[in-house]
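Please build the complete structure, drawing on both the sequences and the hints.
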Amino acid sequence: MKKKNSIGSAVLSTILSILSLLWVYPVIMILLNSLKKESSISTGTVFILPNKESFVGLENYIDAINSKGFLQSLGYSLFITVTSVLAILVFCSMCAWYITRIESTFSKALYYLFVFSMVVPFQMVMYTLSQTADRLHLNTPWNIWIIYLGFGAGLAVFMFCGFVKSIPVEIEEAALIDGCNPVQTFFKIDFHMLSSTMVSVGILEAMWVWNDYLLPTLVLDIKKYKTIPMLIQYFRGSYGRVEMGPMMACIMLTIIPIIVIYLSGQKYIIKGVASGAVKG
Amino acid sequence: MEKALKKSAPIFVLPTLVAFIIGFIIPFGQGLYLSFCKFTTVSNAKWVGIGNYKYAFSDPSFGRSFIFTVMFAVVSIVLINLFAFTLAVLLTQNLKGTNIFRTVFFMPNLIGGIVLGYIWQILINCLLTIIKEPLLALNSKAGYWGLIILMCWQQIGYMMIIYIAGLQNVPDSLIEAASIDGATKWQTLFKIKIPMVMSSITVCVFLTLTNSFKLFDQNLALTGGDPNHSTEMMALNIYQTFYARSGNQWKGYGQAKAVIFCVLVIFISLFQLKATRSKEVQQ
Amino acid sequence: MKNTKRLAALGMAALMSLSLLAGCGDKVETSVSETSKEANTEASAEVKEEVKVDGANGSVYYLNFKPEQDEQWKALAAEYTAQTGVEVAVVTAASGNYETTLMSEMGKSGAPTMFQVNGPVGLANWKDYCYDLKDSQVYGELTSDGFALKSDDSVLGIAYVIESYGLICNKTLLATAGYSVDDIKSFADLKKVAEDITARKDELGFAAFSSAGMDGSSDWRFKTHLANLPLYFEYQQDGIGTTTAIKGSFLDNYRNMWDLYVNNSTCEGKDLAAKTGDDSRNEFLNKEAVFFQNGSWEYGNLVGDGKFTDDDLQMIPIYVGAGDEANQGLCTGTENYWCVNKEAKAEDIQATLDFLYWVVSSERGTAAMADEMNFVIPFKNAKESSNLFVKQDREYTAAGKLPVSWNFPTMPSEEWKNGVGQALTAYAADSTDDNWSAVVDAFVNGWAAEYALLEQ
Numbered sequence: 001m002k003k004k005n006s007i008g009s010a011v012l013s014t015i016l017s018i019l020s021l022l023w024v025y026p027v028i029m030i031l032l033n034s035l036k037k038e039s040s041i042s043t044g045t046v047f048i049l050p051n052k053e054s055f056v057g058l059e060n061y062i063d064a065i066n067s068k069g070f071l072q073s074l075g076y077s078l079f080i081t082v083t084s085v086l087a088i089l090v091f092c093s094m095c096a097w098y099i100t101r102i103e104s105t106f107s108k109a110l111y112y113l114f115v116f117s118m119v120v121p122f123q124m125v126m127y128t129l130s131q132t133a134d135r136l137h138l139n140t141p142w143n144i145w146i147i148y149l150g151f152g153a154g155l156a157v158f159m160f161c162g163f164v165k166s167i168p169v170e171i172e173e174a175a176l177i178d179g180c181n182p183v184q185t186f187f188k189i190d191f192h193m194l195s196s197t198m199v200s201v202g203i204l205e206a207m208w209v210w211n212d213y214l215l216p217t218l219v220l221d222i223k224k225y226k227t228i229p230m231l232i233q234y235f236r237g238s239y240g241r242v243e244m245g246p247m248m249a250c251i252m253l254t255i256i257p258i259i260v261i262y263l264s265g266q267k268y269i270i271k272g273v274a275s276g277a278v279k280g
Numbered sequence: 001m002e003k004a005l006k007k008s009a010p011i012f013v014l015p016t017l018v019a020f021i022i023g024f025i026i027p028f029g030q031g032l033y034l035s036f037c038k039f040t041t042v043s044n045a046k047w048v049g050i051g052n053y054k055y056a057f058s059d060p061s062f063g064r065s066f067i068f069t070v071m072f073a074v075v076s077i078v079l080i081n082l083f084a085f086t087l088a089v090l091l092t093q094n095l096k097g098t099n100i101f102r103t104v105f106f107m108p109n110l111i112g113g114i115v116l117g118y119i120w121q122i123l124i125n126c127l128l129t130i131i132k133e134p135l136l137a138l139n140s141k142a143g144y145w146g147l148i149i150l151m152c153w154q155q156i157g158y159m160m161i162i163y164i165a166g167l168q169n170v171p172d173s174l175i176e177a178a179s180i181d182g183a184t185k186w187q188t189l190f191k192i193k194i195p196m197v198m199s200s201i202t203v204c205v206f207l208t209l210t211n212s213f214k215l216f217d218q219n220l221a222l223t224g225g226d227p228n229h230s231t232e233m234m235a236l237n238i239y240q241t242f243y244a245r246s247g248n249q250w251k252g253y254g255q256a257k258a259v260i261f262c263v264l265v266i267f268i269s270l271f272q273l274k275a276t277r278s279k280e281v282q283q
Numbered sequence: 001m002k003n004t005k006r007l008a009a010l011g012m013a014a015l016m017s018l019s020l021l022a023g024c025g026d027k028v029e030t031s032v033s034e035t036s037k038e039a040n041t042e043a044s045a046e047v048k049e050e051v052k053v054d055g056a057n058g059s060v061y062y063l064n065f066k067p068e069q070d071e072q073w074k075a076l077a078a079e080y081t082a083q084t085g086v087e088v089a090v091v092t093a094a095s096g097n098y099e100t101t102l103m104s105e106m107g108k109s110g111a112p113t114m115f116q117v118n119g120p121v122g123l124a125n126w127k128d129y130c131y132d133l134k135d136s137q138v139y140g141e142l143t144s145d146g147f148a149l150k151s152d153d154s155v156l157g158i159a160y161v162i163e164s165y166g167l168i169c170n171k172t173l174l175a176t177a178g179y180s181v182d183d184i185k186s187f188a189d190l191k192k193v194a195e196d197i198t199a200r201k202d203e204l205g206f207a208a209f210s211s212a213g214m215d216g217s218s219d220w221r222f223k224t225h226l227a228n229l230p231l232y233f234e235y236q237q238d239g240i241g242t243t244t245a246i247k248g249s250f251l252d253n254y255r256n257m258w259d260l261y262v263n264n265s266t267c268e269g270k271d272l273a274a275k276t277g278d279d280s281r282n283e284f285l286n287k288e289a290v291f292f293q294n295g296s297w298e299y300g301n302l303v304g305d306g307k308f309t310d311d312d313l314q315m316i317p318i319y320v321g322a323g324d325e326a327n328q329g330l331c332t333g334t335e336n337y338w339c340v341n342k343e344a345k346a347e348d349i350q351a352t353l354d355f356l357y358w359v360v361s362s363e364r365g366t367a368a369m370a371d372e373m374n375f376v377i378p379f380k381n382a383k384e385s386s387n388l389f390v391k392q393d394r395e396y397t398a399a400g401k402l403p404v405s406w407n408f409p410t411m412p413s414e415e416w417k418n419g420v421g422q423a424l425t426a427y428a429a430d431s432t433d434d435n436w437s438a439v440v441d442a443f444v445n446g447w448a449a450e451y452a453l454l455e456q
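Protein chains in written order, with my numbering: chain A, 1 to 280; chain B, 1 to 283; chain C, 1 to 456.
These aren't lab readings, by the way, just hints derived from the structure by calculation.
From a predicted model like this one, the values you see are computed outputs, not experimental measurements.
Hints are supplied without guarantee of correctness; some may be wrong.
Below are the BS3-like pairs computed for lysine-lysine, each with C-alpha atoms no more than 27 angstroms apart in a straight line [said to hold, decoys possible]:
| hint | chain 1 | residue 1 | chain 2 | residue 2 |
| --- | --- | --- | --- | --- |
| 1 | C | K342 | A | K224 |
| 2 | B | K6 | A | K108 |
| 3 | A | K37 | C | K287 |
| 4 | A | K271 | B | K214 |
| 5 | B | K3 | A | K188 |
| 6 | C | K66 | A | K223 |
| 7 | B | K38 | A | K165 |
| 8 | A | K188 | A | K165 |
| 9 | C | K342 | B | K46 |
| 10 | C | K127 | C | K391 |
| 11 | B | K46 | C | K127 |
| 12 | C | K127 | B | K38 |
| 13 | C | K66 | A | K224 |
| 14 | A | K165 | B | K191 |
| 15 | B | K3 | A | K37 |
| 16 | A | K108 | B | K7 |
| 17 | A | K188 | B | K6 |
| 18 | C | K247 | C | K191 |
| 19 | C | K127 | C | K150 |
| 20 | B | K38 | C | K342 |
| 21 | C | K171 | C | K380 |
| 22 | B | K3 | A | K108 |
| 23 | A | K224 | C | K74 |
| 24 | B | K3 | A | K267 |
| 25 | A | K165 | B | K274 |
| 26 | C | K134 | B | K132 |
| 27 | A | K271 | B | K6 |
| 28 | B | K274 | B | K191 |
| 29 | C | K287 | A | K52 |
| 30 | C | K74 | A | K223 |
| 31 | B | K7 | A | K188 |
| 32 | C | K307 | A | K37 |
| 33 | A | K165 | A | K108 |
| 34 | C | K127 | A | K52 |
As structure tokens, then:
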């Protein structure tokens, strides 16, 4: 019995290992090709490993970084993601706390509106949102977080509300009696208790904002700002020029930081996704 | 407590509410209104009644994109959930290296849709070259399966995590009791585990369903709708109507299509809500 | 009670958003309220009469169509800014995205002050945005009125580059195969030469035509430029300049030419779908093919260090076996017209007009356009271009050959071009009569359907 099991698990492990290799292959392929000379990358030769002739080291990476303002875009993307996620975490948790604790038509209506907004596809508002953002000049990386806060509020409020319900009111009441005002109460007590939900919401929203393509394309002032997903479009150049090498390098440069962050915090990320999805 | 809290309502609610009004309420209301108008900017809209909807419903490309979306959704939902569940079962067997596998399978989820699309476009085109088939820009079959493979690659890991969480919630005592009663592994799986994770299954099915329906970035980057709009999903069709056609009637058409699309997605979600609720009652 | 509370909250929200409006003033200079915008356009006629003081306060935003010249435009804009202090932003749309980008940018408050249309069809969509250039200095610089895009008696667009295309021919390779360009005077000649080269492909080590790639970076050479020829001959035959119902009288010639490209190419027909413009050019540069269908804009990519010299190359007309082949010249024309956005603020319009005038009349501007961008410009101060293909076009015309005019700006839409392109690609992969009838269908019926949509 035991022997059979260990053979079975060895077979399973092998199958899973092969599957994992297949799983990472696309990324490895991009990595290998990004080290090749541009003329050695074409549909027929992608599977060929770089060799002495085609290997160019980090040349494509240098090209990618230098040519299209990559570092700038990276900075914008980072800034937008960080500010948007912070804003969503702080403001939405406050809002969720309020509408869970106060039972009124107003908070109910608001709750349902938030839930409703979660469902609405972006295409429904893409044009009018870009117009509104433009009118209010929310078209720079410095204040686009307001748009993200507005459009991303649905999911965040929904998830926070689910968790706030499970916090006993008694603790808060005790704090209030001790002389805390509601704001202090919230930040002293609930904010900490919400931390695990914060992680899940933060991860989900960060993944969305970092990878978002259409919203910044339509909203940002393209005269001055491009985010990373927008930038990658520009390598698929122009009238006969597809800069495969630098494009692949750029793809790698975008993926690597995500993978590093993921590997270092994967416990939280996986936990966050699991708890987030089960509630959603 | 209520009183004190109500007084500080502005601090708690206003920041989110204002952003929500700017980022959702106003655009949504305007969008609804504009779907009945002919317009090129919000300020020059002219009321035309339901003309836009008439066009949207009679536009063959929109109907085709709907059928394509449904065909895509059905196949990808089945494949993703089947694979994700199988992986989840395998990875809860205390195998060596479970964590590594989990990490690897989840990874594609973190990569953005545009990037994913380009990666797979390169990969699939190379495969097609080797087997001497027409490439993606010309091959709607390859485009269809390409989208499905891409979607599987991206989503299986995510759904797997949810299933794992569900499976880990199955009490060990139940499984032990079953094995004492002489149940085989398969019996345990079908008689105990699957019924116990029904709620995870509902969640995953609907997550994949809405994800499939709203798919945009991957579609744009992988096939862009080629050849000849035959791999165009609904979101992309709306975008193309809006921005790729010049002429002052197109924006109205696009907005009307968007409203139809929106109603469709809401309908699916309501259905989801109902299904989840009824499952909860059963348990 | 509850309702009043809700109202109060909403009121506060409105207040907040107003203060936000006021708070986000980092770009106040571009914010225009609707009313003042209208007032400005009306007033602009008078404002313009005054000196250019006005333009100095404005700024220019050029949404450029030609990605090849992106860097040159940016450099030129920077120089202008350094000289005059007027800010000039140049944005180039990613390939194939010009209309989408223009569409979304035009909806914004900081809309482009200067954009481009590709001819009468493009103009029809953007007419409401075009400033009348009748009294502008830049219009006065045009060498011929034919280069202006007019609607009634207003001048809405101004051509800024004249281009020619044809078959670029590697004379050295052609000589290796035993021919010279003088042997090719008709479609029959071309077919004979091409098929002979293909028959001896292994011995010669090169093919007749570089790959006719149908990737988005290359398909315009065939769905637009090559398709111009059947269009041109039909218009000639019927004595018209545009039509809403094309008959496709010369589509057999189109098919013959396309067959020739596909069957005598560096690669197989079904591989064409993924071949890019780069692939095709590289084949030509690597001496793998004798002919390369492209235009004068390719000059900079073909001649230079490690590439060809002027002596290697000649551009010959695309003969399709129609019309008077003995007197056929290169396809010469333009599909690039500058337009000025009349919805822009008066000082921005003035700044744009000033910038345009500087570009086409100043020494620096014309030099940049001739030498750096390799443009032939239809303006009085134009600097002689060093472009070989432009010179050859002039020689053809001097020898009495009639240039083939560019009729593709009358194509109904991008959608139509894409339809034809897709059908062509399918036909290249599998050259059956059925697949060709799909091309004919896209060409003829697609044309009528797209024009019907335009007229709605």
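Going down the list of hints, with the structure as the test:
| no. | hint | in the structure |
| --- | --- | --- |
| 1 | C/K342 to A/K224 | holds, 23 angstroms |
| 2 | B/K6 to A/K108 | holds, 14 angstroms |
| 3 | A/K37 to C/K287 | holds, 20 angstroms |
| 4 | A/K271 to B/K214 | holds, 25 angstroms |
| 5 | B/K3 to A/K188 | holds, 19 angstroms |
| 6 | C/K66 to A/K223 | holds, 16 angstroms |
| 7 | B/K38 to A/K165 | violated, 46 angstroms |
| 8 | A/K188 to A/K165 | holds, 17 angstroms |
| 9 | C/K342 to B/K46 | holds, 21 angstroms |
| 10 | C/K127 to C/K391 | violated, 35 angstroms |
| 11 | B/K46 to C/K127 | holds, 18 angstroms |
| 12 | C/K127 to B/K38 | holds, 17 angstroms |
| 13 | C/K66 to A/K224 | holds, 19 angstroms |
| 14 | A/K165 to B/K191 | violated, 34 angstroms |
| 15 | B/K3 to A/K37 | violated, 69 angstroms |
| 16 | A/K108 to B/K7 | holds, 18 angstroms |
| 17 | A/K188 to B/K6 | holds, 18 angstroms |
| 18 | C/K247 to C/K191 | holds, 26 angstroms |
| 19 | C/K127 to C/K150 | holds, 10 angstroms |
| 20 | B/K38 to C/K342 | holds, 21 angstroms |
| 21 | C/K171 to C/K380 | violated, 34 angstroms |
| 22 | B/K3 to A/K108 | holds, 17 angstroms |
| 23 | A/K224 to C/K74 | holds, 13 angstroms |
| 24 | B/K3 to A/K267 | violated, 41 angstroms |
| 25 | A/K165 to B/K274 | holds, 22 angstroms |
| 26 | C/K134 to B/K132 | violated, 56 angstroms |
| 27 | A/K271 to B/K6 | violated, 34 angstroms |
| 28 | B/K274 to B/K191 | holds, 25 angstroms |
| 29 | C/K287 to A/K52 | holds, 24 angstroms |
| 30 | C/K74 to A/K223 | holds, 12 angstroms |
| 31 | B/K7 to A/K188 | holds, 19 angstroms |
| 32 | C/K307 to A/K37 | holds, 18 angstroms |
| 33 | A/K165 to A/K108 | holds, 14 angstroms |
| 34 | C/K127 to A/K52 | violated, 56 angstroms |
Against the hints set out earlier in the document, violations occur for numbers 7, 10, 14, 15, 21, 24, 26, 27, 34.
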